[in-house]
Structures are given as C-alpha cells and as structure tokens.
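Novice: Listed below, chain by chain, are the residues.
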Amino acid sequence: MSEHEYTPKSKVGKWFNDRLPLLTLANHLTDYPTPKNLNYWWTFGGILTFCLITQIVTGLVLAMHYIAHADMAFDSVEHIMRDVNYGWLIRYIHANGASMFFLAVYIHIFRSLFYGSYKSPREIIWIIGIIIYLLMMAAAFMGYVLPWGQMSFWGATVITNLFSAIPLVGEGIVTWLWGGYSVDNPTLTRFFTLHYLIPFLILGLVVLHIWALHVPGNNNPVGIDIKKPSKDTVPFHPYIVIKDGFALLMFMIVFAFFVFYTPNILGHADNYIEADPLVTPAHIVPEWYLLPFYAILRSVPDKLLGVVAMLSAILILAALPWLDTSKTRSAVFRPLYKQFYWILVADVLILGYVGAMPAEGLYLLVARVATAYYFLHFLLILPVLGLKEKTLPIPLSITDPVLGGSSNFSTAKNQTKIE
Amino acid sequence: MKFFFRVLLLFTLIIGFQYNSYAAEKVEYLKTDWSFKGLFGKFDRGALQRGYQVYTEVCSSCHSMKYLSYRNLAEKGGPEFSEEQAKAIAASFEVKDGPNEDGEMFNRPGKLSDKFVMPYENIKAAQAANGGAYPPDMSVLVKARGGGVDYIYSLLQGYEDPPAGITLDDGVYYNKYMYGNKIKMANQLSDGLVTYGDGTNATVQQMSKDVTTFLMWAAEPHLESRHKMGFKAITYLIILTILVYFSMKKIWSRIETEV
Numbered sequence: 001m002s003e004h005e006y007t008p009k010s011k012v013g014k015w016f017n018d019r020l021p022l023l024t025l026a027n028h029l030t031d032y033p034t035p036k037n038l039n040y041w042w043t044f045g046g047i048l049t050f051c052l053i054t055q056i057v058t059g060l061v062l063a064m065h066y067i068a069h070a071d072m073a074f075d076s077v078e079h080i081m082r083d084v085n086y087g088w089l090i091r092y093i094h095a096n097g098a099s100m101f102f103l104a105v106y107i108h109i110f111r112s113l114f115y116g117s118y119k120s121p122r123e124i125i126w127i128i129g130i131i132i133y134l135l136m137m138a139a140a141f142m143g144y145v146l147p148w149g150q151m152s153f154w155g156a157t158v159i160t161n162l163f164s165a166i167p168l169v170g171e172g173i174v175t176w177l178w179g180g181y182s183v184d185n186p187t188l189t190r191f192f193t194l195h196y197l198i199p200f201l202i203l204g205l206v207v208l209h210i211w212a213l214h215v216p217g218n219n220n221p222v223g224i225d226i227k228k229p230s231k232d233t234v235p236f237h238p239y240i241v242i243k244d245g246f247a248l249l250m251f252m253i254v255f256a257f258f259v260f261y262t263p264n265i266l267g268h269a270d271n272y273i274e275a276d277p278l279v280t281p282a283h284i285v286p287e288w289y290l291l292p293f294y295a296i297l298r299s300v301p302d303k304l305l306g307v308v309a310m311l312s313a314i315l316i317l318a319a320l321p322w323l324d325t326s327k328t329r330s331a332v333f334r335p336l337y338k339q340f341y342w343i344l345v346a347d348v349l350i351l352g353y354v355g356a357m358p359a360e361g362l363y364l365l366v367a368r369v370a371t372a373y374y375f376l377h378f379l380l381i382l383p384v385l386g387l388k389e390k391t392l393p394i395p396l397s398i399t400d401p402v403l404g405g406s407s408n409f410s411t412a413k414n415q416t417k418i419e
Numbered sequence: 420m421k422f423f424f425r426v427l428l429l430f431t432l433i434i435g436f437q438y439n440s441y442a443a444e445k446v447e448y449l450k451t452d453w454s455f456k457g458l459f460g461k462f463d464r465g466a467l468q469r470g471y472q473v474y475t476e477v478c479s480s481c482h483s484m485k486y487l488s489y490r491n492l493a494e495k496g497g498p499e500f501s502e503e504q505a506k507a508i509a510a511s512f513e514v515k516d517g518p519n520e521d522g523e524m525f526n527r528p529g530k531l532s533d534k535f536v537m538p539y540e541n542i543k544a545a546q547a548a549n550g551g552a553y554p555p556d557m558s559v560l561v562k563a564r565g566g567g568v569d570y571i572y573s574l575l576q577g578y579e580d581p582p583a584g585i586t587l588d589d590g591v592y593y594n595k596y597m598y599g600n601k602i603k604m605a606n607q608l609s610d611g612l613v614t615y616g617d618g619t620n621a622t623v624q625q626m627s628k629d630v631t632t633f634l635m636w637a638a639e640p641h642l643e644s645r646h647k648m649g650f651k652a653i654t655y656l657i658i659l660t661i662l663v664y665f666s667m668k669k670i671w672s673r674i675e676t677e678v
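Chains P and X, in that order, are what the protein sequence lines are.
177 is the number that the numbering used here gives to position 177 of the first sequence; each next residue is one higher, with no gaps.
Plus 419 on top of the position in the second sequence (first one is 1) and you've got the numbering used here.
The set of hints was computed from the structure by calculation and includes no laboratory data.
One should not assume that every hint holds.
Calculated pairs, BS3-like style, for lysine-lysine (alpha carbon to alpha carbon, straight line, at most 30 Å) [claimed, not checked]:
hint: 1; chain 1: P; residue 1: Lys227; chain 2: X; residue 2: Lys530
hint: 2; chain 1: P; residue 1: Lys228; chain 2: X; residue 2: Lys603
hint: 3; chain 1: X; residue 1: Lys668; chain 2: P; residue 2: Lys227
Below, a sample of chain X positions facing chain P; criterion: calculated Cβ distance under 8 Å [said to hold, decoys possible]:
hint: 4; residue: Phe500
hint: 5; residue: Leu656
hint: 6; residue: Ile658
hint: 7; residue: Ile670
Glycine is no exception: its CB is placed at the ideal position from the N, C-alpha and C atoms.
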C-alpha cells in the first residue's frame, strides 16, 4: 500500500525480496502514513498488541508448570507461586494482565464509538475487532477456570449451564460441553486446551485487523478522509512508534503497580479456596470485565431470553456500522451524539456495578432500566439520530483547524477540546 | 497527562465498585499496623517466629498447612530460622515414609524437604474429630477470605457471649466477625497461653497479630522480594517514561503538531 515501489539497496536484499517481499512489508510498516492529529486514545492498539504478547509469553511459561487435572490443578498453581523461580511474578503478570487487556480493549472500543471508526470504509476492521473481543472473553473465562478454585468451578458451572436454556437440545449440549454430568476433570482439560488455542487465533485475527486497517488507513479525531501521504500525515516510524511507546510505558507503570502491590485486588478471595462441588459460594460473580453482560443476563426473568439478551448485547455491536446512519464520523462534530455517547458510557458502568450486586430489589430494577437503555441506544437512538441530527461543519483537512486557518471558528475550538 | 489521570480515575472507580460488592455485609474489622503493608513493607521477623510458635502450639492440632515445607522456615523473607533451628523443628515431627524394601510404611524424623505434617489423615478424619466441620487448610487462608489479614486478626479476638435471642447449638460459638456470626471453632486464645522465647508478653492481641503475620507470610512467601522488585521496576519505568517523553517531544518538534 506504499505509494512508491520499494527496492532494497543491497544485492542480497533484492534477491531475497524478489522471492519473499518481507523487506517491502517492513518498509510499508515503517513508512505507513498516519494522521498526525491522532490523540492518546489511539495508542491503545499498540498497548493491546503488547498485552496479547505478554499473555502468550507468560502463559507459555505457566503451562510448563501447570497441571490440568481436577485433583492437582490447585496444588500446581500453589507450586508455581511458591517453588517455581519467579513463578509468582509470571502468574501475577498473567492474572492481572487479563484485566489490563480488558481495560485497554474497552478504551479501544469506546474510542471507536466516539470517533466513528467503525463506519465505512472500516466495517471489516470493526467486525474482526468484535470477533477478537468475543474470543478474548472466551479465553479469559476459561483461563479463570484453570486454577480450580471455588469461583473457577462455580463460574464454569453457571456459564456452561446457560446453554441448557436452548430448547430441546440444551441439556444434551451442556453434557457434551462438560464431558460428563457435571463440571469435572474432562471440563478442566478441554478448557485448558481451548485456553491455550484461543490466543493464537486472536493473534491471527490481529494480523487481519491490522491488515484491514492498512487498506483505508487510520481514522482520526476529525474523522475526515485524508490524502496519504500528505502534510496531514506522518510516517509511522518514528512519530507514532515513539508516541505509542510513551503511552505503553505509562500503561506499564499502572500494570506494574497492580502486579507488585495489589496483585489479588481484581480477583475474588473465594478462588483461593479449592473447588468443592458440594459447597456453593454465597455470591457467584464473574470477573469485573464481564459484569455488564452478567447484569444484562440476570435482568431478564426468562433464562433463554436472558441468554439471548446477553449475546445480542455483544453481537449488536457487529451491526453498528449499519445502525449508525450518520455520515459524519467523529462525535466532535455531532453535538447530540456526543451527549448520548456519554450516557451510554455511564449506562455500561452502571450495568457493571449492578452486575456485581445481588439481583434483587433496587439493583434488579436499575439493571432492567439500564439494559433497556443499552438496546434503545443502538436500535433506536443511533438510527434516528443519524437522520435528524444537525452536525457541525467539517474541516476539509487536518491541517486547517490545527493551524486555525478554518473559516469555522467553532470547529477549531472543538478540535482543541479533545486534547 | 490529563488523559492518563482520567483513565486512571475510571479504573479506580471500577475497582471501587467491585471491591465494595465483595464486602456487602460490612463489619468494621479491628485495625492494627501491619509491617508488611506499603511500598517497602517487610515482615517483622520476630512476629513471624512467634507466629510460628502460636501455629504449632495452638492451631496445628486441627489446621493443616499442606503447601509449606520445613525448609521454608529458614528461607529468606520468611521467619528466617537458622538452618539448624529449622532442621531441629523438622526433626521434632514424625513423618510417615515408605514403602521400604520390605513394602512396609515406616515413621522417621522429619527433614527440611518434608511438607508440614498434617494433623489428620484426610478430610473425613478431620471432620469426624471436629463435629462435622473441616478446619480449613491455612496455607493460603489469608488470601481466601474477603477481609484478609484484618479479618483473621479480628476473628481471633471476636468471641463474645451471644446477644439475647440467639441460641447456639452444641459446638457452635458466637463470633462478632464471622460470616453469620456462628463459628464451629471455639475460642482458642487466652492471655499467657504460650510462653514466648523472646520474652514478649503473650496477650490475646499479641498472639493474634503474630499468628496472622505468620499466615500472611505462609500465603505470600515471596512478598518481600515482590515489594523490592516492584519498587525497582516502577522506578525504572518512570525514568524510562520521562526519557521517552523528551525524545518524543524532540522528534515531534520537527513538525508543527503538538503531542
């Protein structure tokens, strides 16, 4: 996609590149023209790549010491924590890494929502992203089962039981998933296998995600199409590399703080009790990053409809490029959408909060209202808003508003407001 | 910078939510100064050694600690008994080993490499001896309870006469800090129950603090090296971040856009 043809300087390089154009690829990646007005919300793509690699590397080491057997899994985790050299470090990085991964992915997704990055011509990037997100949830859920603590066991029981809501074949499917008549050793070994597999699927999809991104190029805070390369763009290296690096380091400081000083705060205490099929914990709660969907699941009184609602809440995102009818990408130029955007953010946070609470009384009521609003946002507000909203005038290029050369002053002012 | 604070604030809120949710039935736990909290937190060596004494003399008759070995007692960052002391401690226990060449199991004195000897053969035996309640293994107990060290510390001192209107079955006791207030473990501590070698006065409060410190170490034996490494890692990251920040400013100064 580079505008110019690349030829390696050395003879050997040319010989190699003619047969496998890796050097052309490397050249494309370094020269890749990137909008120069990307703000720090755009650094989370790089941060997510770091998270994925961290999880894969620490996971590999953990897998060398972990034993996927119902009688030994809990012991082997304690063995890692006590007797494996720096095992505690590797495990705490892996466990907290999952949370950091989700923190980053939520910021990444909400950045897309704000700047309309999912809109034409970037629908495929967005849909691949949603598939990655789904796989992440599957991987995280199965990973949480592996230590075989109380929350592992009962979380697995609750989530796999959701499939029993499917009419007629539900019970059969659950037995098939478990490999028996309850969550037990066969369930653990298959979860371990899948937990090992999924990250590599994600890695492959990340390559496609970036490939698809490099066809139209990055969206940007102004949300306009730009000419590439032009005075609106900078080469990826060194400009974006150093900026992503800086943001990544900031992220790593937060990450390190969790790993070294509060490594267990994001987990549940019950997971340090070995799984016991005869004792049910007082409250079964998933990890924080799944709570909004857990709230949606529980807010529907019917089991099957609850499962449908929970799945739709995620899958509806894949239809977003067509649900949002507005031609304007960036919320900067959509005064009404901007307000609804922040309401949606609050709505999801509220869902997360009530997801951690017992499903009764006021909590249940709030969960129901918030669930209804969540779907209302995507199914009604977005389609109607796109047709009715009066958007602000959009600058013709990035350089214009930044230099204050735009005839529209309010545009330039808004531009500075988003960093 | 504002950006990062916003993100941090958001995350803190999320954690706050979750943290609150776990402590739904909140009781104010007794507070004490834990030497192992904070950026440079370390264990109080004396407390660990005294705590081990309380564990062996009081708790270990019912509670196992199956993930600990006698060698751990001499390791850095723990109670740091001398190797001779640890060997002597191990040798004071009888360990079942075997089978030997004749196919017989036999008893021998413990070695450093042995795991802590369990008070009962199995969970069923433990339940049978304790009115049906299994005294939980204490290796990771501190991490397995919502309130952590504060909870254990309070529980040990939380025995009271039940308030009027609450009747307790045989073998059930009233504890202010226990979930549901009913506990199957009787009050085990009383002033002067153990005689500390270092002359510390063995009050209930002192023993609770010592044994809880010991349990914290048992659950997190690498806590000290974790804190030490954490300080180094974060200092390194901060310095590197500052350097990268200025490099970034320099590189971006070639074009007019701000970063």
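Novice: Take the hints in turn and mark each one as holding or not.
Specialist: Each hint tested on the structure:
no. : hint                  : result
1   : Lys227/P <-> Lys530/X : violated (74 Å)
2   : Lys228/P <-> Lys603/X : violated (73 Å)
3   : Lys668/X <-> Lys227/P : holds (25 Å)
4   : Phe500                : violated (17 Å)
5   : Leu656                : holds (5 Å)
6   : Ile658                : violated (10 Å)
7   : Ile670                : holds (5 Å)
Hints 1, 2, 4 and 6, counting from the list given before, are not met by this structure.
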